[in-house]
Each structure stands twice: as C-alpha cells, then as structure tokens.
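Asker: Sequence:
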Amino acid sequence: MQSLLESLYYGHLVPEEQLVPKDPMYRKKGRELSEKIEAWKLKLSSDEFAELEALLDLQQQIQSMEMTSAFTYGFKLGAVMIIEIHLDHGVGNISKHDDEY
Numbered sequence: 001m002q003s004l005l006e007s008l009y010y011g012h013l014v015p016e017e018q019l020v021p022k023d024p025m026y027r028k029k030g031r032e033l034s035e036k037i038e039a040w041k042l043k044l045s046s047d048e049f050a051e052l053e054a055l056l057d058l059q060q061q062i063q064s065m066e067m068t069s070a071f072t073y074g075f076k077l078g079a080v081m082i083i084e085i086h087l088d089h090g091v092g093n094i095s096k097h098d099d100e101y
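Going by the working numbering, the residue at position 93 of the sequence shown is 93; the numbering climbs one at a time, nothing skipped.
Note that these hints are calculated values from the structure, not bench results.
Careful: at least some of the hints might be erroneous.
Unchecked claim - No more than 27 Å apart at the CA atoms, straight line, and that leaves these computed lysine-lysine pairs for DSS-like:
| hint | residue 1 | residue 2 |
| --- | --- | --- |
| 1 | 43 | 29 |
| 2 | 36 | 22 |
| 3 | 29 | 41 |
| 4 | 43 | 22 |
| 5 | 76 | 22 |
| 6 | 41 | 28 |
Said to hold, decoys possible - Each pair of labels, with its calculated beta carbon distance range:
| hint | residue 1 | residue 2 | range |
| --- | --- | --- | --- |
| 7 | 45 | 85 | 57 to 65 Å |
| 8 | 72 | 47 | 32 to 40 Å |
| 9 | 1 | 48 | 49 to 57 Å |
| 10 | 60 | 28 | 15 to 23 Å |
| 11 | 71 | 47 | 21 to 29 Å |
| 12 | 40 | 2 | 42 to 50 Å |
| 13 | 7 | 74 | 30 to 38 Å |
| 14 | 37 | 75 | 26 to 34 Å |
| 15 | 65 | 11 | 14 to 22 Å |
| 16 | 23 | 45 | 21 to 29 Å |
| 17 | 71 | 30 | 14 to 22 Å |
Beta carbons: idealized from backbone N, C-alpha and C, even for Gly.
Could you put together the complete structure from these sequences and hints?
Answerer: Here you go:
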C-alpha cells in the first residue's frame, strides 16, 4: 500500500473523485437540476440552448475555481494550526497544557 505522499506524487490522490456529499438533498438536487435542464432544452431553440449550456459551463468553471481556492486555503490553515500547536506545546507537552484549560 502506498503512503499518502506517494499517492499524491503519482497522482492517485484525487479527493474530488472520491468524495460524494452525504447530504440526502444532494442527489435530489442533482435530479432536479437535470430535469430543469431537460425542460429548458425543450423550450429553447438549439442555438439558445447551446448558449445556456455555455453559460452553465462558465458558472461551473468559476465554482470550481472558488472550491479549489477554499480547499487550498483550508488545507494551508490546517497545516499552520498543526505547526502552531507543535511549536507552542511540543509533542511531549500536549497533555500537560491540556490540563491548564
């Protein structure tokens, strides 16, 4: 079994491909979106629907950029917290400091 670091290096660590939200509304909203897109496909001409699809693709690209930024920031924030905890307490002193609170 590869370590996480090796998996990352070889490109096997792709969280977005592994993660499906557990919120029960996720699949319902996905079906609702598909149904609404199909309804618009029937209402619009093929050129108009192509424009709508291009607009939806653009929105998805923007959303992906926002999610990437949020993930990156959260990951860095978590790493900084771990460093801060380690520098402040040291691994051996964690339980001693917990008693102070």
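Asker: Hints first: check each against the structure and report whether it holds.
Answerer: How the hints compare with the structure:
1. At most 27 Å may separate the alpha-carbon atoms for a hinted pair to count; residue 43 and residue 29 meet this at roughly 21 Å.
2. A C-alpha spacing of about 23 Å is found between residue 36 and residue 22, which places the hinted pair at or below 27 Å, so the restraint holds.
3. The suggested pairing of residue 29 with residue 41 holds, with an alpha-carbon distance near 18 Å, which does not exceed 27 Å.
4. The straight-line distance between the Cα atoms of residue 43 and residue 22 is roughly 33 Å, outside the 27 Å bound, and the hint therefore fails.
5. Taking the CA atoms of residue 76 and residue 22, the gap is near 25 Å; set against the 27 Å cutoff, the hint holds.
6. This hinted pair checks out: residue 41 and residue 28 have alpha carbons roughly 20 Å apart, not beyond 27 Å.
7. Remark: the range hint 57 to 65 Å for residue 45 to residue 85 is upheld by a beta-carbon distance near 59 Å.
8. The hint said 32 to 40 Å for the Cβ distance between residue 72 and residue 47, and at roughly 38 Å that hint holds.
9. For residue 1 and residue 48, the Cβ-Cβ distance of about 51 Å falls inside the hinted range of 49 to 57 Å, so the restraint holds.
10. A C-beta distance of roughly 19 Å is found between residue 60 and residue 28, which places it inside the suggested range of 15 to 23 Å.
11. For residue 71 paired with residue 47, a C-beta distance near 36 Å fails the hint of 21 to 29 Å.
12. Range check, residue 40 to residue 2: Cβ separation about 45 Å, and the 42 to 50 Å hint holds.
13. Between residue 7 and residue 74 the C-beta distance comes to about 20 Å, which lies outside the given range of 30 to 38 Å.
14. At roughly 33 Å, the beta-carbon separation of residue 37 and residue 75 lies within the given 26 to 34 Å, and the hint holds.
15. Distance hint check: the CB atoms of residue 65 and residue 11 are about 20 Å apart, consistent with the given range 14 to 22 Å.
16. Judged by the Cβ atoms, the range 21 to 29 Å given for residue 23 and residue 45 is violated: they are separated by roughly 36 Å.
17. A beta carbon spacing of about 21 Å between residue 71 and residue 30 agrees with the range 14 to 22 Å that was offered as a hint.
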